[in-house]
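Asker: Sequence:
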Amino acid sequence: MPEGHTIHRAARKHAELLGGAAVSAESPQGRFTDGAREIDGQVLQRVDAHGKHLLYRFPDDLTLHVHLGLFGRFLTHRGAPPEPRGAIRLRLSGPDGTIDLRGPTACELMDPPEVEALLARLGPDPLRADADPERAWNRISRSTRPIGALVMDQSVLAGVGNVYRAEALLVQGIHPERPGREVTPAEFDALWGTLTRMLQDGVRAGRIITVSAEDAGMPRSRIPRGERTYVYRQSTCRRCGGPVRDWQMDGRRAWACPTCQS
DNA sequence: AAGAATGTTATGTA
DNA sequence: CTACATAACATTCT
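Reminder that position 67 of the first sequence reads as 466 in our numbering, one-by-one numbering, no gaps.
Source of the hints: derived by calculation from the structure; they are not laboratory data.
Glycine residues also receive a C-beta, built at the ideal position from the N, C-alpha and C atoms.
Check the hints yourself; a few may be wrong.
[Claimed, not checked] Label-pair restraints from in silico Cβ distances: (1) D529 to K412: 41 to 47 Å; (2) A615 to E415: 29 to 35 Å; (3) D645 to P483: 36 to 42 Å; (4) D529 to T432: 18 to 24 Å.
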């Protein structure tokens, strides 16, 4: 479910819903009882998103780190919290509402050195104002690894997942298997720009729609599901109409249009 | 109802 | 260092 756009969106929403007030924390399923106990009653000061990672900041350098992984999900409720349903690993409630967390890969308390270590191993996040694309370029331009692998490597670029990888590379005409060092500086700049725009669109829309209104021949809001991407999970390229190839890359499925991408 | 999926880490082999 | 493979873990949807 989540690429960077989901996480940044959640950060905003959670800060708005729970920020500035004392939060009650519980772990209905018992996976996170210790952490919940420490957070309980603390004031949520800030929620930071870095790529696919969320940091909930509490006083005294107390930081809750959450990573949704492939299956993790948030459910938010305004007003009175409903009876917990299913495996809720963490529930945070404030005066205005509640967020439930299920299925995370990570949900843990971190001290400042741990937070520092986490951030140190993340590449620049196109959704962050402080992102430095040069750091990503330094890695990419020196690597023989395929650009499709590099773009998904969170230490190269933070926040990009399988869908945006497929889509951004299609739009830029770069084949995922091309070695990083064969990507030109101009191509990288354009790729960074496209990723930034796509991720920002995702934050705005709350879902991934990479196909433009022009290419779809209709307003983007009305594009049917299954037609919102150019190559991701497509059998024909929504740009040129040609056949789309798919194969495994680092254990994930990759898609590309051999006509549009080289 | 098996299998796939917007993810990461750790480990092992070459 | 890189590539490549395998496995573990989480949950929902078809």
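Asker: Each hint: holds or not?
Answerer: The hints, checked one at a time:
1. D529 to K412: 41 to 47 Å: violated (21 Å)
2. A615 to E415: 29 to 35 Å: holds (32 Å)
3. D645 to P483: 36 to 42 Å: Between D645 and P483, where Cβ atoms are some 39 Å apart, the hint holds.
4. D529 to T432: 18 to 24 Å: violated (35 Å)
Hint compliance for this structure: hints 1, 4 are broken, all remaining hints hold.
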